[in-house]
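Required output: the full structure, derived from the provided sequences and hints.
There are 2 protein chains.
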Amino acid sequence: MKPGTRVLVVEDDRSIARLLELEFEHSGLVIRCAYDGENGLDAIGEFDPEVVVLDIMLPGLDGVGVLKTLRQRGSRVPILMLTARDAIPDKVHSLNLGADDYLTKPFSTEELLARLGALLRRTEEDEVLQIADLSIDTASRDIWRGKRRIELTAREYELLEFMARNPRRVLSRSLLLSRVWGHESGVETNVVDVYVGYLRKKLDAAGEVALIRTIRGAGYALRES
Amino acid sequence: MKPGTRVLVVEDDRSIARLLELEFEHSGLVIRCAYDGENGLDAIGEFDPEVVVLDIMLPGLDGVGVLKTLRQRGSRVPILMLTARDAIPDKVHSLNLGADDYLTKPFSTEELLARLGALLRRTEEDEVLQIADLSIDTASRDIWRGKRRIELTAREYELLEFMARNPRRVLSRSLLLSRVWGHESGVETNVVDVYVGYLRKKLDAAGEVALIRTIRGAGYALRES
DNA sequence: CTCCTCTCTTAGCGAATTCTTAGAATAGGG
DNA sequence: CCCTATTCTAAGAATTCGCTAAGAGAGGAG
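Protein sequences, first through last, are from chains E and U.
With our numbering, letter number 1 in the first sequence gets 1, and the count goes up by one each step, no holes.
With our numbering, letter number 169 in the second sequence gets 169, and the count goes up by one each step, no holes.
Since the hints were made in silico from the structure, they are not lab data.
Backbone N, C-alpha and C fix where the C-beta goes; we use that ideal spot for every residue, glycine too.
Some clues are possibly wrong.
Stated by the list, open to error - Pairwise CB distance ranges (calculated):
#1 U:S174 x E:D137: 16 to 26 Å
#2 U:A210 x E:S15: 43 to 53 Å
#3 U:T214 x E:R179: 24 to 34 Å
Right under this line is the structure:
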């Protein structure tokens with residue numbers, strides 16, 4: 001998880017809150033605590049956290065109330081709920097009022113950190129990449145070239161997304177191999193070339209300007225001109 | 001909790017009942033007490049409470065019996081069970097029978113109030129999710145596809161609701177597993193595939209447009225197009 | 001106790017995808 | 001203009017992926 005990420009913890013049990021505070025600080029995060037729902041809501045407005053850890057049982061306004069209020073206000077901040085182990089897994093579960101993940105107490109702080117990381121990664125991924133008239137919706141995996149919708153296979157999609165995340169840069173075959181195919185994939189062939197070929201065939205319909213350029217001796221680049 | 005909310009307490013221990021009566025009155029609630037199961041049932045019909053606090057140990061018809069009868073009658077009134085400290089089997093049992101929460105004696109009245117508040121808020125939640133001509137009433141768990149009513153099992157419903165809360169988004173099998181089946185369910189098979197299959201069979205009757213799309217190599221998405 | 005429903009597992013088929021290979025095409029230097 | 005290194009393409013082989021049928025096991029209802 002990126003250092004400096006703002007995390008809000010809303011938890012009435014001071015010892016747990018304190019523990020998380022220390023752990024998170026140790027991990028380089030910026031942390032803020034609130035001990036009840038009302039203050040939690042205030043803190044969200046004021047502190048603008050990138051992710052919230054929210055206990056479900058709180059004095060006064062409880063976790064569910066906080067969550068509901070937040071979502072009604074239109075906030076999309078990712079929220080990880082803390083629930084008691086024996087608190088009716090199914091019910092709590094179905095009260096997916098818009099929480100993004102949950103963890104049952106007791107839990108290990110590593111687990112919590114891992115979950116937070118996953119959560120942030122997931123929500124960060126929710127964006128639209130644009131290169132010229134090509135747009136890639138990373139949440140729905142929709143690809144559009146102008147008004148034309150394009151269907152890609154998983155590998156093709158991964159390759160294109162990676163290139164779109166590094167637009168205008170020359171990407172060597174070995175870089176693409178390691179980032180898209182993975183480090184220990186025993187591929188030693190010209191798969192990259194082949195897949196660039198596939199992409200071109202699908203992306204550049206008749207008359208459209210080519211998006212993937214070959215830089216002889218160096219690699220490929222995704223760019224408009 | 002809103003003043004004027006009707007709360008029924010079914011509890012044979014008069015001193016506890018009295019204590020709750022005073023506490024609740026103090027909080028502005030309208031309270032009614034019954035001291036055994038039979039009278040409890042009658043009171044529900046007559047008093048029409050918005051929430052019920054139900055002791056599990058009662059003379060004659062016990063709490064479990066009351067709960068069972070109620071649910072069989074189709075009542076969905078939220079119920080919080082009171083159980084003895086070590087009666088864990090009871091918990092599991094009553095939660096399966098359709099209780100919404102429980103509290104072990106002895107408990108603090110603040111705790112009870114907080115739980116009741118949470119319960120009411122949760123059940124007040126009356127949201128309808130819409131995707132194309134599919135609508136999901138999260139309060140009653142009713143599913144409609146156009147004019148056709150659809151019956152789902154618990155698991156099918158959970159899966160569909162989660163997908164409906166993340167429409168158009170590609171949801172990986174592992175995400176669905178962790179969010180619908182739970183983190184620590186040792187499932188590592190293709191249950192997700194199987195349940196998507198069940199849903200499709202029920203949702204897409206002859207000639208209707210498919211709602212669940214497979215994104216090969218990535219997961220599933222609920223979307224109209 | 002028996003029947004029924006629900007959940008999960010397993011295994012196999014068919015199809016889509018991924019990767020390999022080898023030869024054709026192309027660019028760029030001399 | 002020719003040669004060579006490099007890139008591209010077509011076609012097929014190997015693999016993976018998703019769907020479904022069938023059934024075991026658990027649990028509740030009658």
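Hints and how they fare:
| no. | hint | verdict |
| --- | --- | --- |
| 1 | U:S174 x E:D137: 16 to 26 Å | holds, 21 Å |
| 2 | U:A210 x E:S15: 43 to 53 Å | holds, 51 Å |
| 3 | U:T214 x E:R179: 24 to 34 Å | holds, 26 Å |
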